Structure formats: C-alpha cells, structure tokens
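Trainee: Since the structure of chain A is provided, determine the placement of chain B on it from the hints.
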Amino acid sequence: DQQVKQNSPSLSVQEGRISILNCDYTNSMFDYFLWYKKYPAEGPTFLISISSIKDKNEDGRFTVFLNKSAKHLSLHIVPSQPGDSAVYFCAASVWRDAGKSTFGDGTTLTVKP
Amino acid sequence: DTAVSQTPKYLVTQMGNDKSIKCEQNLGHDTMYWYKQDSKKFLKIMFSYNNKELIINETVPNRFSPKSPDKAHLNLHINSLELGDSAVYFCASSPLRVAGNTIYFGEGSWLTVV
Numbered sequence: 474d475q476q477v478k479q480n481s482p483s484l485s486v487q488e489g490r491i492s493i494l495n496c497d498y499t500n501s502m503f504d505y506f507l508w509y510k511k512y513p514a515e516g517p518t519f520l521i522s523i524s525s526i527k528d529k530n531e532d533g534r535f536t537v538f539l540n541k542s543a544k545h546l547s548l549h550i551v552p553s554q555p556g557d558s559a560v561y562f563c564a565a566s567v568w569r570d571a572g573k574s575t576f577g578d579g580t581t582l583t584v585k586p
Numbered sequence: 073d074t075a076v077s078q079t080p081k082y083l084v085t086q087m088g089n090d091k092s093i094k095c096e097q098n099l100g101h102d103t104m105y106w107y108k109q110d111s112k113k114f115l116k117i118m119f120s121y122n123n124k125e126l127i128i129n130e131t132v133p134n135r136f137s138p139k140s141p142d143k144a145h146l147n148l149h150i151n152s153l154e155l156g157d158s159a160v161y162f163c164a165s166s167p168l169r170v171a172g173n174t175i176y177f178g179e180g181s182w183l184t185v186v
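Going down the list, the sequences are from chains A and B. Remember, our numbering sits 473 above the position in the first sequence when you count from 1. Remember, our numbering sits 72 above the position in the second sequence when you count from 1.
Worth flagging that the hints you see were computed from the coordinates, not collected in a lab. What you are looking at is a predicted structure, and each value in this text was computed from that prediction instead of being measured. It cannot be assumed that every hint is accurate.
[To be verified] Think about it this way: if two alpha-carbon atoms lie no more than 27 Å apart in a straight line, the pair counts; the simulated BS3-like pairs of lysine-lysine are:
hint, chain 1, residue 1, chain 2, residue 2
1, B, Lys94, A, Lys544
2, A, Lys573, B, Lys91
3, B, Lys143, A, Lys585
4, A, Lys544, B, Lys143
5, A, Lys478, A, Lys573
6, B, Lys108, A, Lys478
7, B, Lys112, A, Lys585
8, A, Lys544, B, Lys113
9, A, Lys478, B, Lys116
10, B, Lys81, A, Lys585
11, A, Lys585, B, Lys113
Chain A extracted, bound-state conformation:
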C-alpha cells in the first residue's frame, strides 16, 4: 500500500527554466508534507515543508503547493540551476509525529546547463 507516490521517476529541464515535481498521497490523515533533496552518496536533506492549513509555502526559489481536495502537492523550482540536480523525495506525516514520515520513491531531477 503505497500511500505517497511520485509518478515521475525522472525529470530533465534546462537551466533557468521551471522544474515542477509532483507528489500524490492517499491517506487523508496526513496533514504535514515535506520535500527532501538527496545527492548521491549523501543522506536526504530537508528542503521545504507545508502544513495542511496552507496551500502554498515559498522559500527563495522553492515553492510547494498543496491541493488537499486532490491529495496532491507539487514542488516548483524557479529558476532551476545545475546544482539542483538531485533526487527529490516527497514525504507526508501527521503533524504531531513528523518523525514518522511516509516517503515517496523519489524523482531524479537533472538540470542541464
């Protein structure tokens, strides 16, 4: 039972353009969502989060959008940079237990110079 899905295993964009990474979830109990970024041979690092009381959260070039009715969230990176090339994991949890996050299987983003 895969409760968090990232249907695109990979995404390739040109430097300077927008990258949009998508994530769908099935468990309506989830009320806190996170994006992690992972470089090869490193652990995931926190990127940005959003709670279910919001539909948008912005941090510099990164914006996360949440559509609760569709159980869908997306990460927008504008403008994309070659250093953004990494695996991006979507994660979902209950606010009160964010340590027990359910992760998607990741999307590999490649930003071409």
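Mentor: Here is chain B on its own, set in the frame of chain A:
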C-alpha cells in the same frame, strides 16, 4: 562537522553473519531513527527512539535490534543476515517527535549481503 554520522559507510558481508551499524548525532536532539531504503528506493522507517526509549517499531524482523546507550547514539545490530537485508540504512534525528519537526539524516550505510 557532521551532525548525524553513521559507520561504516559501506559494508559487504556474507549471509548468516551478524553486523552492527553505529550512529551518533551531535545536534542535541531527543529523537533518533533508523530508516531503510530498499532496491525500489522507498525510504521506510524501522525504529524510533525518544530519549533512549523505543517509540516506533515497524514490522521489522526481530533479527534487527536497535540499541540506544544514550540519547546521542542509536546503533543497529542485525543478526543472521539475509540477502534481502541488502539496502541503504539511514540513521536520522529530530528535535522532538511532535510539532512538525524535520528529520536530519546521516549519509547512509550501504549494506550488501552476499
């Protein structure tokens, strides 16, 4: 200065052996975790400890035994290793179990059972 460090980073061992992966965090966090990333790339939580007390124990074979000598350390011991145990194991920590805190991951330990 690594916040969450785990050793060894790479481990190749034979079936049936017993091995341990050590983890230490210097962030002063109360909660530590072990996650497993399998061949399908899913990150799944295995265990969670809060101040040396076991909080989460997902459906993990009892060949896996976490040990927390203090709140800065959470080691993972695996008995009678099987081929299916081959994976990347990530140690992690967070300030509190509650209130939307993020998780800080170690670099991972690549375990290969042959």
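Trainee: Quickly compare the C-alpha distance for A:Lys573 and B:Lys91 to 27 Å and report which way the hint goes.
Mentor: The hint holds at about 25 Å.
Trainee: Is the straight-line distance between the alpha-carbon of A:Lys544 and that of B:Lys143 27 Å or less?
Mentor: violated (36 Å)
Trainee: Does the alpha-carbon distance linking A:Lys478 and A:Lys573 stay inside the 27 Å limit?
Mentor: Since the Cα atoms of A:Lys478 and A:Lys573 sit roughly 17 Å apart, the hinted pair holds (cutoff 27 Å).
Trainee: Given the hinted pair B:Lys112 and A:Lys585, is their alpha-carbon gap at most 27 Å?
Mentor: holds (26 Å)
Trainee: So if I understand the rule, the pair passes when the alpha-carbon distance is 27 Å or less; does B:Lys143 with A:Lys585 pass?
Mentor: violated (43 Å)
Trainee: Verify the proposed pairing of B:Lys94 with A:Lys544, using a straight-line Cα cut of 27 Å.
Mentor: violated (37 Å)
Trainee: B:Lys108 and A:Lys478 were given as a pair; does the straight-line alpha-carbon distance stay at or below 27 Å?
Mentor: Satisfied, since the Cα-Cα distance of roughly 17 Å is no more than 27 Å.
Trainee: Mind checking the alpha carbons of A:Lys544 and B:Lys113 for me, to see if they're no more than 27 Å apart?
Mentor: holds (22 Å)
Trainee: Quickly compare the C-alpha distance for A:Lys585 and B:Lys113 to 27 Å and report which way the hint goes.
Mentor: holds (24 Å)
Trainee: Holds or violated: are the alpha carbons of A:Lys478 and B:Lys116 at most 27 Å from each other?
Mentor: Since the Cα atoms of A:Lys478 and B:Lys116 sit roughly 13 Å apart, the hinted pair holds (cutoff 27 Å).
Trainee: Holds or violated: B:Lys81 and A:Lys585, Cα atoms, limit 27 Å.
Mentor: violated (30 Å)
Hints 1, 3, 4, 10, counting from the list given before, are not met by this structure.
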